[in-house]
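Trainee: Spelled out, the chains give:
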Amino acid sequence: MSIKLSSSVPTDREVVLGILNNSEEALNKLYTGYFPMVLQFILNNNGDEDDAKDVYQEAIIVLYNKIKSGNFELSSKLKTYLYSVSRRIWLKKLTQMSKKTNNIADFEDVLAIDEDIEAHEHKDMQFDKMKVALESLGEPCKTIIEDFYIHNLSMQDICEKFGYTNTDNAKTQKYKCLQRLKKLFFQS
Amino acid sequence: MRNEIELEAIIEDYLKGKLTADEHKAFEQLRANDPIVDHKVVAHKVFLESMQQYADILLLKERMDAAHHGIDIAALSDQVRPHPSRIVRIWRNNRSAIAVAASFLILAMVMVISIQNQSKQVGSFEALNREVRQIKSSQNNLIRNINTKVQANAVAPAKFGGSGFAISSNGYILTNYHVIKGADSLYVQNSKGVSFKVKAYYTDPINDIAILKINDLGFENLGTLPYSIKKSSAGIGEQVYTLGYPKDDVVLGDGYVSSKTGLNGDTLAYQVAIPVNPGNSGGPLLDNNGNVVGVINGKEHKTDGAAFAVKSKYIMEALNAIPQDSLSKRVAFGKRSALQGLKRNQQVQKIQDFVFMVKVYN
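Here the protein sequences line up with chains A and B, keeping their order. Just so you know, the UniProt record's numbering puts 136 at position 136 of the first sequence, and the rest follows in order with no gaps. Just so you know, the UniProt record's numbering puts 155 at position 155 of the second sequence, and the rest follows in order with no gaps.
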């Protein structure tokens, strides 16, 4: 490939440490560093730029979860790992779309990453469940829950933001929302 | 309802570790006593974890989208998308493989070139006619000097020497052209030390072959030749030996055919691993069955144990070039030699009467 991947690619250690420290810069470097590789793979195997974005982001999530879970060993290059995961995810998508998956044009070495993919699929299901649950919650519950649990606003902030007369009312509202969400989440 | 909300708040604080030590203890107590509360704690824990993960991934996606935004996707995909040209596509897909193949190819070429260079033998060809004067020992020299002083008319010693062997019973001797080149007069001397005057009958400078004819009244018919000339060529590794006159007595040299070509790939000659010395030139090269496979004609200057021999095929060509009726009981081609099955010493015994020292005066 004529693209100079190496110029902007951080070392593997930098990436692992950066992810463990929640460094946005490390993620940026990682993301821009290896995206061309995956884009090339997808474009050469029946995909478009959007497919590449989805697959690549999923692969980074797999890597991210693996690093965060603490059992990540640098037994291979991150590049090879990301490529293998992306490849696997894309092959799966191709099969789901019942497009042909033979004659895959490869650009890098491929690792066996079955376990990681399985773990990822489980987590992905949880994510989707939460997403669906939140969406079917409706407003204002969805925003209250997101503000409290995701954006880490205090009950006081939420009370002011939504214009509740006092925190207790806000708390009651949040409690009701949470009960419904839990029901949706656990029952789906 | 109120209690429920309070309980939920406490569970959340408990799970987030916000309770004081006393409250924590009290709540643990409550949890242990009340299975419903305990279940709520577990459920809420699972929920919180899922929520945390959801939040993490959402954040990650946000950050990735931001990063994605910074990439010029259109330009990039133009660079990496499948090229309309098949060749460029193959090149891109197999860059590393092609690179490896190319480096192997280059390596192989370098190796071939270096082997070819090596196979050019650096040594130069050294003809093995003997410059008698040069190799005479000093003591010998001294004696001869004394002799010449005493006997003023003593025969001058030969200036050059070589070997030769009979190719017919009536006195035709085969030797190397380079041995007799530029000679004024030629003599051959047999193993018993008797000399006969000869003259050059046929010369072939290209194949380095010369045939001499004994013109001497003292010469008697040699009788049937014990060896024959081998028609086919000798293989590498074939045991061969030679008889010659690097000194005043006949000397046996033993070895094997080491290559089917001579110096610099010369197809006229074999390379043989036989220790030879000046004076061996023109000597017959025989295999174990007593067939002449060649004529020793030189050695390599710089390499030890690499001598060269003109192939027997060219001996036959030389023989065919002289009138057949002038050769009586000429050497046989491709026939079973009379020496077959004999031991080496017995073979030498029979052959040595047919191998001559060629003495050259000029």
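None of these hints come from the bench; they were simulated from the model. It cannot be assumed that every hint is accurate.
Taking CB as the label site, the calculated pair distances span [as the list claims (entries may be wrong)]: (1) B:E6 <-> A:S136: 24 to 32 angstroms; (2) A:Q187 <-> B:E4: 50 to 58 angstroms; (3) B:L48 <-> A:N71: 19 to 27 angstroms; (4) B:D22 <-> A:Q96: 53 to 61 angstroms; (5) A:D12 <-> B:A99: 55 to 63 angstroms; (6) B:N94 <-> A:Q187: 51 to 59 angstroms; (7) A:I104 <-> B:A102: 21 to 29 angstroms; (8) B:E12 <-> A:Q96: 50 to 58 angstroms; (9) B:K302 <-> A:D12: 33 to 41 angstroms; (10) A:K182 <-> B:D22: 48 to 56 angstroms; (11) B:A74 <-> A:P140: 37 to 45 angstroms; (12) B:W91 <-> A:Q187: 53 to 61 angstroms; (13) A:K182 <-> B:W91: 51 to 59 angstroms.
EDC-like cross-link-like pairs, simulated, lysine to aspartate or glutamate; straight-line CA separation at most 20 angstroms [claimed, not checked]: (14) A:K171 <-> B:D72; (15) A:K142 <-> B:D56; (16) A:K53 <-> B:D56; (17) A:K131 <-> B:E4; (18) B:K199 <-> B:D325; (19) A:K92 <-> A:E121; (20) A:K182 <-> B:E238; (21) B:K335 <-> B:D216; (22) A:K29 <-> B:D72; (23) B:K61 <-> A:D157; (24) A:K176 <-> B:E6; (25) B:K61 <-> A:E73; (26) A:K29 <-> B:D325; (27) A:K53 <-> B:D72; (28) A:K182 <-> B:D325; (29) B:K61 <-> A:D109; (30) A:K29 <-> B:E238; (31) A:K176 <-> B:E4; (32) B:K61 <-> A:D106; (33) B:K61 <-> A:D124; (34) B:K16 <-> A:E146; (35) A:K182 <-> B:D13; (36) A:K93 <-> A:E121; (37) A:K92 <-> A:E58; (38) A:K68 <-> A:D12; (39) B:K45 <-> A:D54; (40) A:K131 <-> B:E62.
Using N, Cα and C, we set each Cβ at its ideal position, and we do this for glycine too.
Trainee: If a hint holds in the structure, say so; if it doesn't, say that too.
Mentor: Hint check:
1. B:E6 <-> A:S136: 24 to 32 angstroms: The hinted range 24 to 32 angstroms holds for E6 (chain B) and S136 (chain A), with Cβ atoms some 28 angstroms apart.
2. A:Q187 <-> B:E4: 50 to 58 angstroms: This hint is violated: roughly 19 angstroms between Cβ atoms.
3. B:L48 <-> A:N71: 19 to 27 angstroms: Holds - the Cβ-Cβ distance for L48 (chain B) and N71 (chain A), about 22 angstroms, lies within 19 to 27 angstroms.
4. B:D22 <-> A:Q96: 53 to 61 angstroms: holds (55 angstroms)
5. A:D12 <-> B:A99: 55 to 63 angstroms: violated (23 angstroms)
6. B:N94 <-> A:Q187: 51 to 59 angstroms: holds (52 angstroms)
7. A:I104 <-> B:A102: 21 to 29 angstroms: holds (24 angstroms)
8. B:E12 <-> A:Q96: 50 to 58 angstroms: 39 angstroms Cβ-Cβ, so the 50 to 58 angstroms window is violated.
9. B:K302 <-> A:D12: 33 to 41 angstroms: violated (57 angstroms)
10. A:K182 <-> B:D22: 48 to 56 angstroms: violated (29 angstroms)
11. B:A74 <-> A:P140: 37 to 45 angstroms: Since A74 (chain B) and P140 (chain A) have Cβ atoms about 40 angstroms apart, the given range 37 to 45 angstroms holds.
12. B:W91 <-> A:Q187: 53 to 61 angstroms: holds (55 angstroms)
13. A:K182 <-> B:W91: 51 to 59 angstroms: The hint (51 to 59 angstroms, Cβ to Cβ) holds, given that K182 (chain A) and W91 (chain B) are roughly 57 angstroms apart.
14. A:K171 <-> B:D72: violated (46 angstroms)
15. A:K142 <-> B:D56: Answer holds: K142 (chain A) to D56 (chain B) is near 17 angstroms, not above 20 angstroms.
16. A:K53 <-> B:D56: holds (19 angstroms)
17. A:K131 <-> B:E4: violated (26 angstroms)
18. B:K199 <-> B:D325: holds (19 angstroms)
19. A:K92 <-> A:E121: holds (11 angstroms)
20. A:K182 <-> B:E238: Given that 20 angstroms is the threshold and the Cα spacing comes to 94 angstroms, the pair is violated.
21. B:K335 <-> B:D216: Measuring from Cα to Cα gives roughly 30 angstroms; hence the hint is violated.
22. A:K29 <-> B:D72: Judged against 20 angstroms, a Cα distance of about 15 angstroms means the pair holds.
23. B:K61 <-> A:D157: violated (25 angstroms)
24. A:K176 <-> B:E6: The given pair, whose Cα atoms are some 13 angstroms apart, holds under the 20 angstroms limit.
25. B:K61 <-> A:E73: violated (24 angstroms)
26. A:K29 <-> B:D325: Given that 20 angstroms is the threshold and the Cα spacing comes to 98 angstroms, the pair is violated.
27. A:K53 <-> B:D72: Given pair K53 (chain A), D72 (chain B) holds - Cα atoms ~13 angstroms apart, limit 20 angstroms.
28. A:K182 <-> B:D325: violated (123 angstroms)
29. B:K61 <-> A:D109: violated (27 angstroms)
30. A:K29 <-> B:E238: violated (71 angstroms)
31. A:K176 <-> B:E4: Given pair K176 (chain A), E4 (chain B) holds - Cα atoms ~10 angstroms apart, limit 20 angstroms.
32. B:K61 <-> A:D106: violated (26 angstroms)
33. B:K61 <-> A:D124: With a Cα-Cα distance of about 13 angstroms, the restraint between K61 (chain B) and D124 (chain A) holds, given a limit of 20 angstroms.
34. B:K16 <-> A:E146: Holds: K16 (chain B) and E146 (chain A) sit about 17 angstroms apart, inside 20 angstroms.
35. A:K182 <-> B:D13: holds (18 angstroms)
36. A:K93 <-> A:E121: holds (13 angstroms)
37. A:K92 <-> A:E58: holds (12 angstroms)
38. A:K68 <-> A:D12: At roughly 15 angstroms apart (the allowed maximum being 20 angstroms), D12 (chain A) and K68 (chain A) satisfy the hint.
39. B:K45 <-> A:D54: Violated. K45 (chain B) to D54 (chain A) sits at ~30 angstroms, over the 20 angstroms cutoff.
40. A:K131 <-> B:E62: Status holds; Cα separation ~15 angstroms.
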